[in-house]
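K.L.:
Single-letter residue listing:
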Amino acid sequence: MNANAPQTGSGFPVVRPVGLTGMLVSFSDRLEERANRAALAFRAAVEAECKAGVAETATSLASVFLRFDPDTLSHDALGDWLRGLLAVRDWFAAPLPQGRRLIRVPTVYGTALAPQLEEAAAEAGMSPEAAIADLGAARVRVLTIGFAPGQPYLGPLGEAWDLPRQTALTAQVPVGALVLAVRQFVLFAAPAPTGWRHVGQTAFRCFRPEAPAPFALRAGDEMVFEPVSDAAFRRIAAQATDGAGGAVIEEIAE
Amino acid sequence: MSGLLVHQAGPACTVQDLGRPGFLGQGLSRGGAADRLALAEGAALLGQEPGLAALEIAGFGGVFEAACDLRIALTGAPMAAEIDGARVAWNASHALRAGQRLSLGAVRAGCYGYLHLGGGIATPEVLGARAVHLAAGLGRAVVAGDLLPVGPDRGGETGLCLEVEDRFSGGVLRVVEGMQTPLFAPQVRARFEATGFTRGARANRMGVALDCPGAGFAAEGQLAILSEVIVPGDIQMTGDGRPFVLLPECQTTGGYPRIGTVIPCDLPRVAQAPAGAPLRFRFVSRAVALEAEARQARHLAELPRAPRPLVRHPGDIPDLLGYQLISGAISAHHDQQGDSE
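For the record, the sequence lines run as chains F and U.
Residue 1452 is where the first sequence ends in this note's numbering, and the numbering goes up by one at each step.
Residue 342 is where the second sequence ends in this note's numbering, and the numbering goes up by one at each step.
One should not assume that every hint holds.
Not the full set, but computed from the structure, chain F residues with beta-carbon under 10 Å of chain U [stated by the list, open to error]:
(1) 1222
(2) 1229
(3) 1345
(4) 1407
(5) 1417
Note that these hints are calculated values from the structure, not bench results.
We put the CB at the ideal spot given by N, CA and C, even for glycine.
Could you build all of it, start to finish, from the sequences and the hints given here?
P.N.:
Listed below in structure tokens is the structure:
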């Protein structure tokens, strides 16, 4: 496609239509750290161009979505423009976004609050104690925000955590549920059914519509879900009325 | 006190406008009215902007009382409608004076009816819109005892009606190909187009499930697909291979493969298809789809000039004897004035 961008062997990056008013630039068809980084950097570049006809942009795990007005900007013109921008540099080598933060969230693992920790630990071939130590020390990155408002997909977790989704859905997990599958966490922003395993519970609200900054997380932020006792968690949950759930936030020095 | 008092409300009445575009990157879908055309029709009947909020009523209406003199319009899925016990027309505007009661029954066709107020429903905006987004936890359904505040009404005629094309009983949906269409083999796509579907039991503002006889529709490598962005109109093939068409309040990403996307101007037909209604899909080229959208845009541009005076059937006039019937001209004049204050 272009001279600068290295190919992943199957024609990426690729530009494809989504519906009648969307275009998707994909950097991979599987979860790869460098493709996620490429998507974040490419979205920032698209945003910086303020191209007439582009209504909004978003990233998913390994791609950038653009919603546009085909009356202002034709599919062909947008495709050409995107391919031109792709050729500007090697997006897979792009750095992570500026202004990233590390967010440490008190988390209770297991107990009645997060009933699938033991099951997930067994699937990963660990004792519950080892699983808590491993998950509680993992520093994961917000790969994308999606599905529900402010809801992060976080990864990657270690190889042991490459667990498939459950075939049967859990009927509902609450807000703040930390669920796990395919080497990723999701921190639920709203109560929802899920096929991911509910291993931890936080009092962190990803979406705070009443707050000046309603969306608590940004792609590129890093998170650690630090183990606390059931009693400590309940104390934090009762005290934290701002939705932060006792989280400690610091800037990441680049 | 001004606005519309809710004495009784069906289980799924929510305030809706054109939604919140621009938050896709934050995981918040646009939301807004399930049938956006109905919003435009109500706005045309009241001579106001289509972005004003209205009450979206799924399935069953309720009983409402004007807390001040109001102008109202009724659009979308037709329901039995009465003002103080007298039947009033659908796809029409009416005066609802302070203390008068509006009763809306069950839908007679379609799914979502709309009750518009002159000046719009003026609930507080959250993130730039008034649309309740239940999936995101923004706002809640209307319940008995609520007072829906009304915005400033610049006034105008009532007693107007609109001719509306049927979009309340299913039909053919135009579909464009998307990034995942090639994951479905050509013979699977051909069978998909040839299949007569019916709207299934599972349907809400997030999406609509479809039923069909015979085998489902599977993509190649279905289980290995990376979660990807979703747009309203996308036709997901869920685990059982049955289509699920996404609507304005859908999630923003999903891992099920999508065979194509229903074009925006056909989405009201999806949302309004009642359970059991027949639906078919037809792939169209991008050029055909864009032309259909352009035609819809022209229709919307012409809507404000489309309302016509309501011709009332004598049976609908409760106090017929009170009218001066000697002169038809005077009678008609009186009738119009009666609806326009």
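K.L.:
Confirm or reject each hint.
P.N.:
To see whether the hints hold, each was checked on the structure:
1. Because the beta carbon of residue 1222(F) sits about 6 Å from the nearest beta carbon in chain U, less than 10 Å, this interface hint is met.
2. Among the interface hints, the one on residue 1229(F) holds; its C-beta lies about 7 Å from the nearest C-beta in chain U, closer than the 10 Å criterion.
3. Residue-level restraint check for residue 1345(F) holds (minimum Cβ-Cβ distance to chain U is 5 Å; threshold 10 Å).
4. For the restraint placing residue 1407(F) at the interface with chain U, the shortest Cβ-Cβ distance is roughly 6 Å, inside the 10 Å limit, so the hint holds.
5. A distance limit of 10 Å between C-beta atoms decides the matter here; for residue 1417(F) the minimum to chain U is near 8 Å, and the interface restraint holds.
Checked against the numbered hints above, the structure violates none of them.
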